[in-house]
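Put together the whole structure using the sequences plus the hints.
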Amino acid sequence: MSDLRRGRSALLLGLLLSCAVARGAGPVDVFQFDSAEQEARYQALVAEFRCPKCLNTNLAGSDAPIAEDLRRTVYRLLTRDGLSDKEIRAFMQERYGDFVLYDPPFRPGTWLLWLGPPAFLLVGLLVLWRLLRQPPREPLSSDEAARLQQILAEEGAAGPSGSGPGGTQP
Amino acid sequence: MSGVSPGAAWRRQRGISRVSLFVPLGLFLLIVGIGYAGFKLNDPHVLPSALLGKPFPDFSATLLHEPERVVHRDELLGEPVLVNVWATWCPTCKAEHAELLRISARTGLRIVGVNYKDDRQQALAWLRRYGDPYEYVLEDPDGSLGVELGVYGAPESFLLDASGTVVYKRVGDINPRVWRDELAPQLARLGVEAGDV
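Chains S and P supply the protein sequences, listed in that same order.
Under our numbering, the first residue of the first sequence is numbered 1458, with each subsequent residue one higher.
Under our numbering, the first residue of the second sequence is numbered 22, with each subsequent residue one higher.
The set of hints was computed from the structure by calculation and includes no laboratory data.
Just so you know, not all the hints are guaranteed correct.
[Stated by the list, open to error] When the alpha-carbon atoms are kept at most 25 Å apart in a straight line, the in silico BS3-like pairs for lysine-lysine are as follows: (1) Lys-115/P with Lys-1543/S; (2) Lys-1510/S with Lys-190/P; (3) Lys-1510/S with Lys-115/P; (4) Lys-138/P with Lys-1510/S; (5) Lys-138/P with Lys-115/P; (6) Lys-1543/S with Lys-61/P; (7) Lys-190/P with Lys-138/P; (8) Lys-61/P with Lys-190/P; (9) Lys-138/P with Lys-1543/S; (10) Lys-190/P with Lys-75/P; (11) Lys-190/P with Lys-115/P; (12) Lys-1510/S with Lys-1543/S.
This is the structure in structure tokens:
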């Protein structure tokens, strides 16, 4: 392995490590859980909900006071009230609407959101297919080649004032 | 060959009609339109309330002025009421306060406050100093009533009809423009005397 490559690997490793640190740097609440499984469910839920105040942060990653309140609410629903994940999702959605869910439910109001990207992919594939399907252009026949030469010669004689591409020859 | 432009010949050879030349322009305008609607017409900071058209949730809360008295949802029923979530730490609430005072002085609308994540002494001092537009003020020191209401900041206001259904929600301050364009028409529908404001 050359020095250059080793240096590059070290840089990459450093970048990855800094990402890992940044990911763990969210706000810290002190909660007691009955089991590791319960804590894992809590962590998954607060990572899943979107903070209502901050447009693109989840509850786990936000310092906003409302995110703190909602984390505490999720904790309470999970430990004291013993709600299932599904019930907690319903609780949040009843109060804060689809906004708190990063995956909104499939409804008449959201079908464009869900079907838009596959539709664009489909259109792209269709265009690609049409482009690939086009037969290669046939080479000019000898008659056509001769006529082309003739036209080019005439254009050359007429000088640069001749009509440009797209113009109609009288 | 004469009379046919090279462009037309090129299109014919490739099986492209004149109209289809405008497809890219159309797509471009479509994307611009969606972008305009998405970014300009929709304020992403304002969540549509999940409570709209639904009954105001049941709650029990103590009163700011009478901490020993507990109030429930029933006390909001009977006639339309404006529930206003406010706090002394919220600058916009201060801007809104004058308008609430004006509304309470000039109309027959009941206004009930929710003192959201605030300090009681500071809240009482604020009402003494700036005036009190509220019939009474509910206390929500830890924001749990706020969570029930889907509140994510202050000020926020809910308009309830006589049966306790949320008919209107405002995120942000109630100012003369909001009163004129949104609240007053809603109140007229509910039959509340809106006065000459």
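- Item | Ascending list of hint numbers which this structure does not respect | Hint check: 1, 6 and 9 fail, others pass.
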